[in-house]
Amino acid sequence: MKHTLVALMEDKPGVLNRVSGLFRRRNYNIESLSVGHSETPGISRMTIVVNGDERVVDQVVKQLEKLVNVTQVWNVTNMPTVVRELALIKVKAAHGTRSEIVELVNIFRARVVDVGATSLTIEITGPEDRVNSLIDLLRPFGIEEMARTGRVAMVRGGNGKSGEATSR
Amino acid sequence: MKLSGAQIVWESLVREGVKTVFGISGGAVIHLYHALPDYPIHHVLMRHEQGAAHAADGYARATGQVGVCMATSGPGATNLVTGLATAYMDSSPVVAITGQVATPFIGTDAFQEVDITGITLPITKHNYLVTDVRELATVIKEAFYIARTGRPGPVLIDIAKDVQAAQTEYVYPDEVNLPGYRLPRPVPVEQIRQIAEMINAATKPLIIAGHGVILAGAEDALLELVEKARIPVVTTLLGISSIPETHPLCLGMGGMHGEAHTNMALSNADLIVSLGCRFDDRLTGPVSHFARQARIVHVDVDAAELGKNVRPDLAVAGDLREVLPALVPLVEPADHAEWLECIQEWRLDSARRDILNRETDNRLLPQYVVRQIWQATEGEVIVVSDVGQNQMWEAQYFFHHRRRGLISSGGLGTMGFALPAAIGVQMARPDQQVWVTAGDGGFQMNIQELATVVQEKLPLKIAILNNGYLGMVRQWQQLFFEGRYSGTPLLGPNFAKVAEAYGIPGLRVCEKAEVVPAIQQALATPGPFLIDFLIEQEENVYPMVAPGSPICNMIRRPLETEEV
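From first to last, the protein sequence lines stand for chains A and B. Going by our numbering, the first sequence opens with residue 1, and the numbers climb by one from there. Going by our numbering, the second sequence opens with residue 1, and the numbers climb by one from there.
A hint or two may mislead.
To be verified - Per label pair, the in silico range of CB-to-CB distance:
#1 A:Arg24 x B:Gln112: 23 to 29 Å
#2 A:Asp53 x B:Pro325: 34 to 40 Å
#3 A:Glu39 x B:Gln455: 54 to 60 Å
#4 A:Met154 x B:His401: 56 to 62 Å
#5 B:Gln521 x A:Gly21: 50 to 56 Å
#6 A:Asp53 x B:Asp109: 39 to 45 Å
#7 A:Glu10 x B:Gly27: 56 to 62 Å
#8 B:Asp354 x A:Arg24: 45 to 51 Å
Keep in mind that the hints were calculated from the coordinates and are not lab data. Remember, predicted model here, so these are calculated numbers, not experimental data. Even glycine gets a Cβ: it sits at the ideal position worked out from N, Cα and C.
Please work from the sequences and hints to get the whole structure.
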């Protein structure tokens, strides 16, 4: 089963290496990992999607907590969350197919962000399954290039940080 | 006060209470060594950086204080790696300081440059690369704090050469600011009550005492608990000396080479209370078959150990220093007479099979050597053992009643550990007699440290159990690999003569009758002494649990009457 973890960590050289090194060394199966700034200067926020049973995820959380530069870890899998992923997809577009692609883009509330002579670049933001659906529908046209960010997640509502109430 | 980076290092070490540093100089630490003579710190010049790391580790294990080692960049730093991994696996508080090429050269593959913080990432509790002298004091403060608190472990500080030369205003911080570093929280009283209830309800309770008991300094509370409720205790290899092995409730080491009665107790208990033990595979065998009759309580300072290998019925994350004293008053006095009687039966069977109870056996057996060292010293010594058969015989036949009386590489199983670690132990405990027990294979892996022994005038007593094999692997080959001794027969020197060449008196012993006089001579000779015991070459460690078997299925030494 897939689990979503959110981790906050000090924005210092080598911290990403510490986290990724931990996953490799402990043989954890990581589906995606995305990292960027958080609301606090000097603190990065990472969203990790990990494959495994409860026991594996429990270990991942505990081992992450042992890293000196990691300040907080939450397992948000069973919480109401807003989950998003962004993808840029460059798809072949000839005269005959261009309008069909644009139609799909509109249905998915995605956007065309670049128009070339033989291609269209599409941006979609949404839950992963919606991103996946669009990609599946675009594939027959010929996807030339694709970049996905991996999942980012945030607990809904409340008046504080993600999952603070359940933080260990 | 303006100090150079090099001066900041030594000044801070002095403030951390460091009196001894084990190391080897080199180009990238030349500023550090230049400043060293101005400070009240004794530097022990080792002969290999691996030795320096083991010595710092030994120092730490003998005292509970942080051991410090130092090495130059590149090969100096990589030579520390085995020693750091050893300390990491056994939760030993070590701070390693390495020199790094100057900051403008970092990343250019400069002479003797290596990414030692990258290399040691998975074998240190934490590490630092210092490229700004203003950060240096804070980093040293944090490194010592991280190394010794919570679950202890090694921390490496890599300092660029130009940082050692640069000057800055020196302020040593009083406190650390580590928002992501978690110390164990107090254990809720409710959980301690739950442990007590489970103990009070058990009819066949058993304690597993691990290294954590010793690291926490919780030996007194353990003994109190054990005696109050008369609960037998099994130790791990590194848990040896957490309770005196001469105590009637101490069953000794369990697991792959545990005594049969110990493994039978583990397999038949209805409650196992594990204290500071990480359920290593050498103790448990296949976890699916481990202690099937028992409910398991697991107490550990490191929450990540709970449920990692064995799934406990009750998991308690906490410091044994607090948990055990709180637990004792809640446990009801008990005698568990039936259970102890049952264990006693198994114990008698073990004694019947003990090779030392065969009076007619005149071969020079390693078990006999170890037992005679124990008798001659009355166990009043610290033994630093190496790895392999010699380590298991030491664990089985020497009864450690002194605290921190056995020092050995458990988790990593590092051959070559004993001699350099013993140097650290003896430096930390000049008032104690320290014995090294090693095999001929492991001893040759760090034999160069004999020079350090002489240089520091250390009165180490060294016993080599010399069987001309990498004996533990030979034993596996004999039992499980059709007796093909591939890569295990081992040529060695006359160790007594090697010792002599270093200036250490040595003896070679070939007969059983010579064992006791040789040990007496070693004891009577001031300063270091080495005995090369040419033991029975193909003697095995028994009992043995075959890899992959449940620990109750032991290969036993046959009864004398069964032998044809």
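To see whether the hints hold, each was checked on the structure:
1. A:Arg24 x B:Gln112: 23 to 29 Å: Because 27 Å falls inside the window, the suggested range holds.
2. A:Asp53 x B:Pro325: 34 to 40 Å: 37 Å, holds
3. A:Glu39 x B:Gln455: 54 to 60 Å: 58 Å, holds
4. A:Met154 x B:His401: 56 to 62 Å: 58 Å, holds
5. B:Gln521 x A:Gly21: 50 to 56 Å: 52 Å, holds
6. A:Asp53 x B:Asp109: 39 to 45 Å: Holds, since aspartate 53 of chain A and aspartate 109 of chain B (Cβ atoms, about 43 Å apart) stay within the stated range.
7. A:Glu10 x B:Gly27: 56 to 62 Å: 32 Å, violated
8. B:Asp354 x A:Arg24: 45 to 51 Å: 46 Å Cβ-Cβ, so the 45 to 51 Å window holds.
Going through the hint list in order, the structure does not satisfy hint 7, though it satisfies all others.
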